[in-house]
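Participant: Here are the chains, one letter per residue:
Number of protein chains: 2
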Amino acid sequence: MRVFVVHYSEIALKGKNRSLFEKKLIENIKRKIDAKIRRESGRIIIEDDNAEISESLKKIPGIKYFALAEVADLDIEEIKEKALSLVSGGTFKIETKRSNKKFPLTSIDINRIVGEYILNKKNIKVNLKNPETTVFIEICDKQCYLYTEKIYGVGGLPCGVSGKVITLLSGKKSALASFLMMKRGAEVVAVNFSKTNDVVSYAKKLSEHHKIKLYIIPKIVSREEMIRIANEIAKKENAKGIVVGDVIPESGDIESLSKLYSLSELPVFTPVICFDKIEYPVEIFEREPVSQTKIIEFNN
Amino acid sequence: MRVFVVHYSEIALKGKNRSLFEKKLIENIKRKIDAKIRRESGRIIIEDDNAEISESLKKIPGIKYFALAEVADLDIEEIKEKALSLVSGGTFKIETKRSNKKFPLTSIDINRIVGEYILNKKNIKVNLKNPETTVFIEICDKQCYLYTEKIYGVGGLPCGVSGKVITLLSGKKSALASFLMMKRGAEVVAVNFSKTNDVVSYAKKLSEHHKIKLYIIPKIVSREEMIRIANEIAKKENAKGIVVGDVIPESGDIESLSKLYSLSELPVFTPVICFDKIEYPVEIFEREPVSQTKIIEFNN
Numbered sequence: 000m001r002v003f004v005v006h007y008s009e010i011a012l013k014g015k016n017r018s019l020f021e022k023k024l025i026e027n028i029k030r031k032i033d034a035k036i037r038r039e040s041g042r043i044i045i046e047d048d049n050a051e052i053s054e055s056l057k058k059i060p061g062i063k064y065f066a067l068a069e070v071a072d073l074d075i076e077e078i079k080e081k082a083l084s085l086v087s088g089g090t091f092k093i094e095t096k097r098s099n100k101k102f103p104l105t106s107i108d109i110n111r112i113v114g115e116y117i118l119n120k121k122n123i124k125v126n127l128k129n130p131e132t133t134v135f136i137e138i139c140d141k142q143c144y145l146y147t148e149k150i151y152g153v154g155g156l157p158c159g160v161s162g163k164v165i166t167l168l169s170g171k172k173s174a175l176a177s178f179l180m181m182k183r184g185a186e187v188v189a190v191n192f193s194k195t196n197d198v199v200s201y202a203k204k205l206s207e208h209h210k211i212k213l214y215i216i217p218k219i220v221s222r223e224e225m226i227r228i229a230n231e232i233a234k235k236e237n238a239k240g241i242v243v244g245d246v247i248p249e250s251g252d253i254e255s256l257s258k259l260y261s262l263s264e265l266p267v268f269t270p271v272i273c274f275d276k277i278e279y280p281v282e283i284f285e286r287e288p289v290s291q292t293k294i295i296e297f298n299n
Numbered sequence: 000m001r002v003f004v005v006h007y008s009e010i011a012l013k014g015k016n017r018s019l020f021e022k023k024l025i026e027n028i029k030r031k032i033d034a035k036i037r038r039e040s041g042r043i044i045i046e047d048d049n050a051e052i053s054e055s056l057k058k059i060p061g062i063k064y065f066a067l068a069e070v071a072d073l074d075i076e077e078i079k080e081k082a083l084s085l086v087s088g089g090t091f092k093i094e095t096k097r098s099n100k101k102f103p104l105t106s107i108d109i110n111r112i113v114g115e116y117i118l119n120k121k122n123i124k125v126n127l128k129n130p131e132t133t134v135f136i137e138i139c140d141k142q143c144y145l146y147t148e149k150i151y152g153v154g155g156l157p158c159g160v161s162g163k164v165i166t167l168l169s170g171k172k173s174a175l176a177s178f179l180m181m182k183r184g185a186e187v188v189a190v191n192f193s194k195t196n197d198v199v200s201y202a203k204k205l206s207e208h209h210k211i212k213l214y215i216i217p218k219i220v221s222r223e224e225m226i227r228i229a230n231e232i233a234k235k236e237n238a239k240g241i242v243v244g245d246v247i248p249e250s251g252d253i254e255s256l257s258k259l260y261s262l263s264e265l266p267v268f269t270p271v272i273c274f275d276k277i278e279y280p281v282e283i284f285e286r287e288p289v290s291q292t293k294i295i296e297f298n299n
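Protein sequences, first through last, are from chains F and R. By numbering that gives the first Met the number 0, the letter at position 272 of the first sequence is numbered 271, and the numbering carries on one by one without gaps. By numbering that gives the first Met the number 0, the letter at position 82 of the second sequence is numbered 81, and the numbering carries on one by one without gaps.
Accuracy of the hints is not assured; some may be wrong.
Unchecked claim - Straight-line distance between alpha carbons at most 27 Å, and here's what the computed DSS-like set of lysine-lysine pairs gives: (1) F/Lys258 with R/Lys234; (2) F/Lys258 with F/Lys23; (3) R/Lys210 with F/Lys258; (4) F/Lys141 with F/Lys22; (5) R/Lys258 with F/Lys163.
What the hints contain is simulated information worked out from the structure, not anything from laboratory work.
Given the sequences, and given the hints that come with them, work out the whole structure.
Facilitator: Following this line, the structure appears as structure tokens:
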């Protein structure tokens, strides 16, 4: 059986944050994937090779890249055979990461030994600069993992490590703001004041990355009132900030936004305030496809 | 003599904003360039062909693109001759914008008439898809402008149209936050609490785009104290918001940032809070090169 080997971004891996980060990421993966999951040598190993897992992993914040890997014992003979089975034709190279420093061979040794073995067995050439196949070999504490394809995820931090926010969700810009906050590790509770299909579909999209709660206030209120209600919900949810999708000048100038935010007890975070359709990757969110959302009717 | 024809972004050109936008942009250009400047048919015309002007125009927020253009009277014979002089060899096409609807020929007419004239005079071919030279012809109210090269500026809005903010300037991220706010039309007053050479050089870079005022507080204070002092300066400067370069998680988590911003009377804008070194164009500011900064020693 093959396993999924998951690598996370190194951004928050300093000191005591590391273990919080790893624990939270495993918790978030377990929410989406029903399989045996464990840590090994700074990676997360998912003991399952169901292809659907790949689709989920692509969307979970905190995952930098992952791979569906062959497993070998910490034995160079077995590693050689497994590596050989991964190369079919064309050019290749071996790229070893030895996280387990007790393993008796260095990464350079392993590259050389495995490379020579494959060269002797197959009519194939080494190309270090631009190979058709790269065999990645990861020597971890318990086992060795081998794969040829890295699949990149959305990156960022696991949802929940940075705290909780209330986002005013109304359309594309606020959905993007919510998504960016999720990728910075925020747990997101969304509030909407109109209940259009659009909003439900954005909430669904967001929930593909991490579960979100959506409060729907079934009446039209002023922007000032929205800020007030968002603060009420924040108290209830123990959230520490309000997030808006406001953009200058479409949402107003500095003075009008400043007046509006002044009504908030909690600080208002403005992650997309300087976004410019022309220059910024607003479509970053569009790339991400959908699942189940918890919808609560909130009567104010 | 040739002139510079300046095109601005269309983002804020709806309704009453348009004239404010244009007035401010002309005012900002006049600060950097000593030449006769006027509006014509939704463009700004600078009656000077000094190459140095180009370097300044590239950096002024609100300018989408500009060109050093030949001037012709609103006379098709003169337009034909001027267009001919702009094409040397290879393939070409003509692209006409007729902003002056009183001109008797349509854009398509002009493309055809001028194109045929050049074909008869020179051994050269038309290529509509991928020409080596494109002759842009702009039929404006008073004159016609012809050029072959569009030079792109930083885009955005003219500084000053959106209001005034205080930015806490300490390094690259806060400089980027300041720059992005400038591009959204903010007048920026920067405050620094350490007076490193770095900060002065960032302030100089920013001032290439638009003049900024820099307050230097010659003592080290806590972040809480920084927020308090920034608010004091905001009152004095009649600014409507505080801008920070905080990024999650490097600058703290949501709760700690929320606590910090709660100390501010004015809302705190966070344009780079979700920026991720890997994915976002943090080097967007780095592209921009420098001038004079007004430095005020502020003794708290």
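Participant: Give a verdict on every hint.
Facilitator: Going down the list of hints, with the structure as the test:
The hinted pair formed by F/Lys258 and R/Lys234 meets the criterion: a straight-line CA distance of about 15 Å does not exceed 27 Å. For the suggested pair F/Lys258 and F/Lys23, the alpha carbons sit about 37 Å apart, so the restraint of at most 27 Å is broken. The suggested pairing of R/Lys210 with F/Lys258 holds, with an alpha-carbon distance near 26 Å, which does not exceed 27 Å. About 20 Å separates the Cα atoms of F/Lys141 and F/Lys22, which keeps this hinted pair within 27 Å; it holds.
Between the alpha carbons of R/Lys258 and F/Lys163 the distance comes to roughly 13 Å, so the proposed pair stays at or under 27 Å and holds.
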